[in-house]
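*Asks:* Sequence:
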Amino acid sequence: MIEILTPAQVDRARRTGALVADILHSLRERSAVGTNLLDLDRWTAEMIREAGAESCYVDYAPSFGSGPFAHYVCTSVNDAVLHGRPRDLALSDGDLVTLDLAVRLDGVAADSAISFLVGESRPAESVDLIETTRAALAAGIAAAGPGARIGDLSHAIGTVLRSAGYPINMQFGGHGIGTTMHQDPHVSNDGRPGRGYQLRPGLLLALEPWIMVDTDELVTDEDGWTLRSATGCRTAHSEHTIAITEDGAEILTLPTSREG
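In terms of UniProt numbering, the sequence shown has 133 at position 133, counting the first letter as 1, and numbering is strictly consecutive.
Each hint should be verified, as a subset may be incorrect.
Derived DEER-like restraints, expressed as beta-carbon distance ranges [as the list claims (entries may be wrong)]:
{"#": "1", "residue 1": "214", "residue 2": "186", "range": "34 to 40 Å"}
{"#": "2", "residue 1": "123", "residue 2": "1", "range": "37 to 43 Å"}
{"#": "3", "residue 1": "63", "residue 2": "197", "range": "18 to 24 Å"}
{"#": "4", "residue 1": "61", "residue 2": "120", "range": "38 to 44 Å"}
{"#": "5", "residue 1": "120", "residue 2": "197", "range": "23 to 29 Å"}
{"#": "6", "residue 1": "67", "residue 2": "127", "range": "34 to 40 Å"}
{"#": "7", "residue 1": "11", "residue 2": "222", "range": "18 to 24 Å"}
{"#": "8", "residue 1": "127", "residue 2": "1", "range": "21 to 27 Å"}
{"#": "9", "residue 1": "39", "residue 2": "222", "range": "19 to 25 Å"}
{"#": "10", "residue 1": "171", "residue 2": "223", "range": "42 to 48 Å"}
For the record, the hints were derived by calculation from the structure and aren't laboratory data. We put the CB at the ideal spot given by N, CA and C, even for glycine.
Generate the whole structure from the sequences, applying the supplied hints.
*Replies:* Okay, structure coming up:
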(Lines of atoms letter the chains of each structure in order from A and count residues from 1; the text may use other names and numbers.)
(Lines give C-alpha, C1' and ligand atoms only; values in the text may rest on other atoms or scores of the structure.)
Protein backbone atom coordinates (compact mmCIF):
# COMPACT_ATOMS: atom_id res chain seq x y z
CA MET A 1 0.00 0.00 0.00
CA ILE A 2 1.19 3.51 -0.87
CA GLU A 3 -0.50 6.06 1.36
CA ILE A 4 -0.89 9.76 0.57
CA LEU A 5 -1.55 11.76 3.72
CA THR A 6 -3.85 14.74 4.05
CA PRO A 7 -2.39 18.12 5.11
CA ALA A 8 -3.80 17.53 8.61
CA GLN A 9 -2.08 14.15 8.81
CA VAL A 10 1.21 15.63 7.61
CA ASP A 11 0.92 18.22 10.36
CA ARG A 12 0.50 15.41 12.90
CA ALA A 13 3.49 13.67 11.33
CA ARG A 14 5.58 16.76 12.11
CA ARG A 15 4.78 16.30 15.80
CA THR A 16 5.55 12.59 15.64
CA GLY A 17 8.82 13.23 13.85
CA ALA A 18 9.92 15.80 16.41
CA LEU A 19 9.12 13.35 19.21
CA VAL A 20 11.20 10.59 17.58
CA ALA A 21 14.10 12.99 17.06
CA ASP A 22 13.94 14.34 20.61
CA ILE A 23 13.95 10.85 22.10
CA LEU A 24 16.96 9.86 19.98
CA HIS A 25 18.77 13.06 20.94
CA SER A 26 18.11 12.36 24.62
CA LEU A 27 19.34 8.76 24.29
CA ARG A 28 22.51 9.92 22.56
CA GLU A 29 23.20 12.42 25.33
CA ARG A 30 22.75 9.66 27.92
CA SER A 31 24.90 7.11 26.07
CA ALA A 32 28.24 7.04 27.89
CA VAL A 33 30.88 4.51 28.79
CA GLY A 34 29.12 2.04 31.08
CA THR A 35 25.57 2.77 29.86
CA ASN A 36 23.62 -0.47 29.48
CA LEU A 37 21.55 -1.13 26.35
CA LEU A 38 18.65 -2.26 28.52
CA ASP A 39 18.67 1.14 30.23
CA LEU A 40 18.41 2.83 26.82
CA ASP A 41 15.39 0.66 26.07
CA ARG A 42 13.81 1.44 29.45
CA TRP A 43 14.34 5.19 29.02
CA THR A 44 12.79 5.00 25.55
CA ALA A 45 9.69 3.27 26.88
CA GLU A 46 9.33 5.95 29.56
CA MET A 47 9.62 8.83 27.07
CA ILE A 48 7.12 7.23 24.69
CA ARG A 49 4.59 6.77 27.51
CA GLU A 50 5.12 10.30 28.82
CA ALA A 51 4.37 11.70 25.35
CA GLY A 52 1.16 9.70 25.04
CA ALA A 53 2.57 7.90 22.01
CA GLU A 54 2.86 4.21 21.16
CA SER A 55 5.81 2.08 20.12
CA CYS A 56 5.96 0.71 16.58
CA TYR A 57 8.44 -1.95 17.70
CA VAL A 58 7.35 -3.66 20.90
CA ASP A 59 4.70 -5.85 19.21
CA TYR A 60 6.30 -5.81 15.75
CA ALA A 61 6.51 -9.33 14.31
CA PRO A 62 7.38 -9.31 10.57
CA SER A 63 8.31 -12.40 8.56
CA PHE A 64 12.05 -11.67 8.80
CA GLY A 65 12.08 -11.49 12.62
CA SER A 66 11.71 -14.15 15.28
CA GLY A 67 8.46 -13.37 17.09
CA PRO A 68 7.61 -9.91 18.48
CA PHE A 69 10.58 -7.55 18.80
CA ALA A 70 9.51 -6.99 22.42
CA HIS A 71 11.61 -3.83 22.92
CA TYR A 72 11.18 -0.10 22.24
CA VAL A 73 14.35 0.92 20.38
CA CYS A 74 16.85 -0.87 18.15
CA THR A 75 20.33 -0.79 19.69
CA SER A 76 23.03 -1.92 17.25
CA VAL A 77 26.68 -1.82 18.37
CA ASN A 78 29.85 -2.01 16.22
CA ASP A 79 29.31 -4.91 13.77
CA ALA A 80 25.52 -4.88 14.32
CA VAL A 81 23.73 -2.59 11.90
CA LEU A 82 19.98 -3.31 11.79
CA HIS A 83 17.28 -4.49 14.21
CA GLY A 84 19.65 -4.66 17.16
CA ARG A 85 17.68 -6.13 20.03
CA PRO A 86 18.57 -4.50 23.37
CA ARG A 87 20.50 -6.82 25.68
CA ASP A 88 22.56 -6.74 28.86
CA LEU A 89 25.60 -4.96 27.41
CA ALA A 90 27.48 -1.98 28.84
CA LEU A 91 28.93 0.43 26.29
CA SER A 92 32.71 0.85 26.04
CA ASP A 93 34.90 3.74 24.92
CA GLY A 94 34.98 3.89 21.11
CA ASP A 95 31.86 1.77 20.53
CA LEU A 96 29.92 2.71 17.40
CA VAL A 97 26.25 2.75 18.34
CA THR A 98 23.21 2.94 16.07
CA LEU A 99 19.82 3.74 17.60
CA ASP A 100 16.75 3.24 15.41
CA LEU A 101 13.34 4.36 16.64
CA ALA A 102 9.79 4.46 15.28
CA VAL A 103 6.73 5.64 17.18
CA ARG A 104 3.15 6.56 16.38
CA LEU A 105 1.48 9.67 17.79
CA ASP A 106 -2.08 10.76 17.00
CA GLY A 107 -2.34 7.99 14.42
CA VAL A 108 0.77 8.85 12.37
CA ALA A 109 4.20 7.19 12.54
CA ALA A 110 7.74 8.49 12.09
CA ASP A 111 11.05 6.61 11.91
CA SER A 112 14.66 7.74 12.33
CA ALA A 113 18.12 6.33 13.09
CA ILE A 114 21.40 7.84 14.25
CA SER A 115 24.93 6.44 14.52
CA PHE A 116 27.52 7.87 16.89
CA LEU A 117 30.65 7.04 18.86
CA VAL A 118 30.71 6.59 22.64
CA GLY A 119 33.38 8.09 24.87
CA GLU A 120 36.53 9.86 23.76
CA SER A 121 37.91 7.46 21.13
CA ARG A 122 37.32 8.52 17.51
CA PRO A 123 38.59 5.76 15.15
CA ALA A 124 38.94 7.28 11.67
CA GLU A 125 37.28 4.30 10.00
CA SER A 126 34.20 4.69 12.19
CA VAL A 127 34.01 8.45 11.69
CA ASP A 128 34.16 7.95 7.92
CA LEU A 129 31.40 5.34 8.05
CA ILE A 130 29.06 7.62 9.96
CA GLU A 131 29.78 10.67 7.82
CA THR A 132 29.22 8.70 4.61
CA THR A 133 25.76 7.55 5.69
CA ARG A 134 24.86 11.11 6.64
CA ALA A 135 26.07 12.43 3.28
CA ALA A 136 24.14 9.73 1.43
CA LEU A 137 20.99 10.55 3.41
CA ALA A 138 21.37 14.25 2.55
CA ALA A 139 21.79 13.37 -1.13
CA GLY A 140 18.66 11.24 -1.11
CA ILE A 141 16.64 14.01 0.52
CA ALA A 142 17.98 16.57 -1.97
CA ALA A 143 16.77 14.37 -4.84
CA ALA A 144 13.23 14.12 -3.39
CA GLY A 145 10.33 16.27 -4.46
CA PRO A 146 7.07 16.15 -6.41
CA GLY A 147 7.64 14.52 -9.80
CA ALA A 148 10.86 12.78 -8.79
CA ARG A 149 10.93 9.00 -8.94
CA ILE A 150 12.06 6.52 -6.31
CA GLY A 151 14.98 5.55 -8.53
CA ASP A 152 16.25 9.13 -8.40
CA LEU A 153 16.53 8.93 -4.61
CA SER A 154 18.11 5.48 -4.70
CA HIS A 155 20.63 6.61 -7.31
CA ALA A 156 21.58 9.68 -5.28
CA ILE A 157 22.11 7.58 -2.14
CA GLY A 158 24.00 4.86 -3.97
CA THR A 159 26.28 7.31 -5.74
CA VAL A 160 27.56 8.63 -2.42
CA LEU A 161 28.01 5.15 -0.93
CA ARG A 162 29.74 3.73 -4.01
CA SER A 163 31.97 6.76 -4.45
CA ALA A 164 33.22 6.24 -0.90
CA GLY A 165 34.07 2.64 -1.76
CA TYR A 166 31.50 0.82 0.38
CA PRO A 167 29.59 -2.33 -0.69
CA ILE A 168 25.81 -1.88 -0.77
CA ASN A 169 23.29 -4.40 0.52
CA MET A 170 20.02 -4.21 -1.42
CA GLN A 171 17.91 -6.40 0.88
CA PHE A 172 16.97 -3.70 3.40
CA GLY A 173 16.43 -0.02 2.63
CA GLY A 174 14.01 2.85 3.01
CA HIS A 175 10.23 2.66 2.83
CA GLY A 176 6.97 4.49 2.79
CA ILE A 177 5.49 5.41 6.15
CA GLY A 178 2.23 6.94 7.35
CA THR A 179 -0.49 5.58 9.58
CA THR A 180 1.64 2.42 9.80
CA MET A 181 5.43 2.11 10.09
CA HIS A 182 6.33 0.09 6.99
CA GLN A 183 4.60 0.73 3.68
CA ASP A 184 5.37 0.76 -0.01
CA PRO A 185 7.28 2.01 -1.87
CA HIS A 186 10.58 0.34 -1.02
CA VAL A 187 13.57 2.69 -1.42
CA SER A 188 16.74 0.75 -2.22
CA ASN A 189 20.08 2.27 -1.29
CA ASP A 190 21.17 2.13 -4.94
CA GLY A 191 19.26 2.23 -8.18
CA ARG A 192 18.68 3.69 -11.60
CA PRO A 193 17.39 7.26 -11.97
CA GLY A 194 14.08 7.84 -13.68
CA ARG A 195 12.62 4.53 -12.53
CA GLY A 196 9.91 3.60 -10.06
CA TYR A 197 7.01 5.32 -8.35
CA GLN A 198 6.60 9.05 -8.97
CA LEU A 199 6.55 11.10 -5.77
CA ARG A 200 3.48 13.16 -4.86
CA PRO A 201 2.79 15.75 -2.13
CA GLY A 202 1.56 14.02 1.00
CA LEU A 203 3.81 10.98 0.59
CA LEU A 204 6.02 10.20 3.59
CA LEU A 205 9.25 8.27 3.12
CA ALA A 206 11.80 6.94 5.59
CA LEU A 207 15.18 7.07 3.84
CA GLU A 208 17.90 5.01 5.53
CA PRO A 209 21.33 4.49 3.99
CA TRP A 210 23.41 1.96 5.93
CA ILE A 211 26.78 0.41 5.17
CA MET A 212 29.38 -2.06 6.35
CA VAL A 213 33.12 -1.52 5.89
CA ASP A 214 34.04 -4.49 3.73
CA THR A 215 30.98 -6.62 2.97
CA ASP A 216 27.37 -6.49 1.79
CA GLU A 217 26.46 -9.74 3.56
CA LEU A 218 24.53 -9.97 6.82
CA VAL A 219 24.25 -12.65 9.48
CA THR A 220 21.50 -12.96 12.09
CA ASP A 221 22.11 -13.34 15.82
CA GLU A 222 20.58 -16.15 17.82
CA ASP A 223 18.01 -13.63 19.08
CA GLY A 224 16.42 -13.88 15.63
CA TRP A 225 16.55 -10.11 15.09
CA THR A 226 19.98 -8.48 15.29
CA LEU A 227 21.67 -8.26 11.89
CA ARG A 228 25.49 -8.06 11.80
CA SER A 229 28.17 -7.77 9.16
CA ALA A 230 29.24 -11.21 7.97
CA THR A 231 32.92 -10.32 8.44
CA GLY A 232 32.61 -8.67 11.86
CA CYS A 233 33.45 -5.25 10.42
CA ARG A 234 31.92 -2.03 11.73
CA THR A 235 28.70 -0.56 10.38
CA ALA A 236 26.69 2.68 10.39
CA HIS A 237 23.12 3.75 9.64
CA SER A 238 21.41 7.14 9.26
CA GLU A 239 17.68 7.69 8.71
CA HIS A 240 15.14 10.49 8.45
CA THR A 241 11.43 10.54 7.74
CA ILE A 242 10.59 13.12 5.08
CA ALA A 243 7.34 14.51 3.68
CA ILE A 244 7.00 15.32 0.01
CA THR A 245 5.64 18.86 -0.28
CA GLU A 246 4.45 20.98 -3.19
CA ASP A 247 7.97 22.37 -3.70
CA GLY A 248 10.39 19.77 -2.34
CA ALA A 249 10.88 17.59 0.71
CA GLU A 250 10.63 18.42 4.41
CA ILE A 251 12.64 16.56 7.05
CA LEU A 252 10.24 15.63 9.85
CA THR A 253 12.65 13.95 12.26
CA LEU A 254 14.71 16.91 13.46
CA PRO A 255 14.97 17.49 17.23
CA THR A 256 13.26 20.55 18.65
CA SER A 257 16.27 21.17 20.93
CA ARG A 258 18.66 21.86 18.06
CA GLU A 259 18.90 21.76 14.27
CA GLY A 260 20.61 19.01 12.24
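*Asks:* Hints first: check each against the structure and report whether it holds.
*Replies:* Hint by hint, here is what the structure shows:
In this structure the hint that residue 214 and residue 186 lie 34 to 40 Å apart at CB is violated, the actual value being about 25 Å. At roughly 42 Å, the beta-carbon separation of residue 123 and residue 1 lies within the given 37 to 43 Å, and the hint holds. At roughly 23 Å, the beta carbons of residue 63 and residue 197 sit within the given window of 18 to 24 Å. In this structure the supplied range 38 to 44 Å holds for residue 61 paired with residue 120, their Cβ-Cβ distance being about 39 Å.
Checked against the given bound of 23 to 29 Å, the beta carbons of residue 120 and residue 197, roughly 45 Å apart, lie outside it. Between residue 67 and residue 127 the Cβ separation comes to about 36 Å, which falls inside the hinted range of 34 to 40 Å. In this structure, residue 11 and residue 222 break the distance hint of 18 to 24 Å, their C-beta atoms being roughly 43 Å apart. The supplied range of 21 to 27 Å is broken by residue 127 and residue 1, whose beta-carbon atoms lie about 39 Å from each other.
Evaluation of the 19 to 25 Å hint for residue 39 and residue 222 yields a pass: the beta carbon distance comes to about 22 Å. In this structure the supplied range 42 to 48 Å is violated for residue 171 paired with residue 223, their Cβ-Cβ distance being about 18 Å.
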